[in-house]
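Protein chains in written order, with this note's numbering: chain A, 244 to 510; chain B, 100 to 269.
Careful: at least some of the hints might be erroneous.
To be verified - What follows is a set of in silico ranges between Cβ atoms, one per label pair, in the way DEER data are often shown: (1) B:R146 - A:T285: 34 to 42 angstroms; (2) B:P241 - A:P281: 47 to 55 angstroms; (3) B:S206 - A:D306: 58 to 66 angstroms; (4) A:S474 - B:P241: 25 to 33 angstroms; (5) B:S239 - A:A486: 44 to 52 angstroms; (6) A:E321 - B:K216: 28 to 36 angstroms; (7) A:P281 - B:S206: 31 to 39 angstroms; (8) B:K216 - A:G424: 31 to 39 angstroms.
As the list claims (entries may be wrong) - To give an idea of the interface, some chain B residues facing chain A are shown, with a C-beta separation under 7 angstroms as derived from the structure: (9) R136; (10) K170; (11) L172; (12) R181; (13) D185; (14) P189.
Since the hints were made in silico from the structure, they are not lab data.
This one's a predicted model, so the numbers in the text were calculated from it and none came from an experiment.
Backbone N, C-alpha and C fix where the C-beta goes; we use that ideal spot for every residue, glycine too.
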Amino acid sequence: MTLRKSLLTVGLGLALAAPLAQAHEFWLLPSSTVLSSPGYITVDGAVSNDIFYFNYRPLGIRDNLVISAPDGSTLEAENMVQGKLRTVFDANLQANGTYRLAIANASLMASWKEGTETKRWRGNRDEMAANVPAAADELVVRESVSRLETFVTVGRPSELQAVTEGMALEAITHPNDLYEGSQASFRFVVDGKPTADIKVELIRAGTRYRDQLEKITLTTDSKGEIHHTWSHPGMYYLKAQAAGAAEQGSNIERRLSYVATLEVLAQ
Amino acid sequence: MHKPLLLAFGLLSAGSAVSAGIELDIELPQIGVADYRRPYVAIWLERPDHSVAANLAVWYDVKMRNAEGAKWLKDMRLWWRRSGRDLEPPVDGVTSATRQPGQHTLSFVEGQSPLGKLAAGDYVLFVEASREHGGREVLSLPIQWPPSARTASEIQGKHELGRIGVQLIP
Numbered sequence: 244m245t246l247r248k249s250l251l252t253v254g255l256g257l258a259l260a261a262p263l264a265q266a267h268e269f270w271l272l273p274s275s276t277v278l279s280s281p282g283y284i285t286v287d288g289a290v291s292n293d294i295f296y297f298n299y300r301p302l303g304i305r306d307n308l309v310i311s312a313p314d315g316s317t318l319e320a321e322n323m324v325q326g327k328l329r330t331v332f333d334a335n336l337q338a339n340g341t342y343r344l345a346i347a348n349a350s351l352m353a354s355w356k357e358g359t360e361t362k363r364w365r366g367n368r369d370e371m372a373a374n375v376p377a378a379a380d381e382l383v384v385r386e387s388v389s390r391l392e393t394f395v396t397v398g399r400p401s402e403l404q405a406v407t408e409g410m411a412l413e414a415i416t417h418p419n420d421l422y423e424g425s426q427a428s429f430r431f432v433v434d435g436k437p438t439a440d441i442k443v444e445l446i447r448a449g450t451r452y453r454d455q456l457e458k459i460t461l462t463t464d465s466k467g468e469i470h471h472t473w474s475h476p477g478m479y480y481l482k483a484q485a486a487g488a489a490e491q492g493s494n495i496e497r498r499l500s501y502v503a504t505l506e507v508l509a510q
Numbered sequence: 100m101h102k103p104l105l106l107a108f109g110l111l112s113a114g115s116a117v118s119a120g121i122e123l124d125i126e127l128p129q130i131g132v133a134d135y136r137r138p139y140v141a142i143w144l145e146r147p148d149h150s151v152a153a154n155l156a157v158w159y160d161v162k163m164r165n166a167e168g169a170k171w172l173k174d175m176r177l178w179w180r181r182s183g184r185d186l187e188p189p190v191d192g193v194t195s196a197t198r199q200p201g202q203h204t205l206s207f208v209e210g211q212s213p214l215g216k217l218a219a220g221d222y223v224l225f226v227e228a229s230r231e232h233g234g235r236e237v238l239s240l241p242i243q244w245p246p247s248a249r250t251a252s253e254i255q256g257k258h259e260l261g262r263i264g265v266q267l268i269p
């Protein structure tokens, strides 16, 4: 029994690896990342095969979009429209400092056996105890935690609030203070803790007009940090992913992903 | 040979009671396009660590309704990064309206706004111009303060800026 269980877990682990290499990218693309004075920005959201081209599906934005103002208050998106290939919304940025636009999701999937029957359940952590028997046979629980975000600054960049759940980027270099020829440093945290060995990929916009993707792959060091000197200005798609046990002693397989759109400005 | 020359300059400046300072001749070139708009221009002095010692002039569209003209200040992107984003325009004695193509002479006197008192050392003078429907250009010239003698130098722009004459007056 124990053997079967662990075999199953291994099998699931492999199955989990497949979606990590999925072909579609999810992203937000703001009209500006730097504003001299308060005003509107407009933002595109899409799921596509190529970054920053609308060629597959609109980004499904429900109640999970949070626009945080520099003082930590939240802001409503305006004029949300979902088209066939993209979702569009506006945001009225009236305060000086940095706004974070984020879509965070966390969901659990459980499967177990009751006799010969396989049971499945999907929901969030709070609901799990009531719906999934803790001592079920062949119980496998997978948690998927994702965060998709971008940053826009009016005036001078301001400090960002820490993200304590899931994977996130912590600014050593502010994400609205990136320049061609300058080094940027970011720390990656999982549940607020710096985490080593996270694979981070960077792809610059405009892939349609070049032969190679020119993907930059970095791995976080023992302090959870990456350092990169930008050789080209432009919009960048940053993706970081990791998989592992949710916490020590837990049987929850956890899949974490983080995506950010960053603008690197010309000198 | 050098000494008498310097002396002569010294006498000259004493005679005309010129205070220490910087004189700039800024040339904005004529650009023959139908949708010409006067450029936004920023002129500032930096220390070797890129901190800004003085904002000398910022020309932008100060008259637009609802301060709409401030919207494009970020297009002088080096200035915006080094200093612009820390200011609340308009800034007395620094910001003013955009200027027409041609020669513009600006005088800055040490101890007076906007140049103020400069500590002795190395500086870099920057001139950055950005034009709607047009391009952007940055010119820079290293200077030493205080100058031991009256010195004149110039830098030449190629697109959005013409000749920039720089005179340092001890």
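Using the Cβ atoms, figure out if P241 (chain B) sits within 47 to 55 angstroms of P281 (chain A). violated, 37 angstroms
Whether the CB-CB distance between R146 (chain B) and T285 (chain A) falls inside 34 to 42 angstroms: holds, 39 angstroms
Chain A contact restraint for K170 (chain B) - C-beta distance below 7 angstroms: holds, 5 angstroms
Outcome for the supplied range 31 to 39 angstroms, where the beta carbon pair is K216 (chain B) and G424 (chain A): Given a distance of about 33 angstroms, which is inside 31 to 39 angstroms, the answer is holds.
Given D185 (chain B) was flagged as interface, is its beta-carbon under 7 angstroms from a beta-carbon of chain A? holds, 6 angstroms
Would you check whether P189 (chain B) satisfies its interface hint, that is, whether its CB is within less than 7 angstroms of any CB in chain A? violated, 12 angstroms
Just to be sure I understand the hint, the distance between the Cβ atoms of E321 (chain A) and K216 (chain B) should be within 28 to 36 angstroms; is that true here? For E321 (chain A) and K216 (chain B) the Cβ distance comes to about 49 angstroms; the hint is violated.
Is 31 to 39 angstroms a correct range for the gap between the Cβ atoms of P281 (chain A) and S206 (chain B)? Holds, since P281 (chain A) and S206 (chain B) (Cβ atoms, about 35 angstroms apart) stay within the stated range.
Range hint compliance [Cβ, S239 (chain B) to A486 (chain A), 44 to 52 angstroms]: holds, 50 angstroms
Do S206 (chain B) and D306 (chain A) keep their Cβ atoms within the hinted range of 58 to 66 angstroms? Cβ of S206 (chain B) to Cβ of D306 (chain A): about 60 angstroms, so the range 58 to 66 angstroms holds.
Is 25 to 33 angstroms right for how far apart the beta carbons of S474 (chain A) and P241 (chain B) are? holds, 26 angstroms
Was the hint right that R136 (chain B) lines chain A, CB cutoff 7 angstroms? violated, 16 angstroms
Of the numbered hints given earlier, the model fails hints 2, 6, 9, 12, 14; all others are met.
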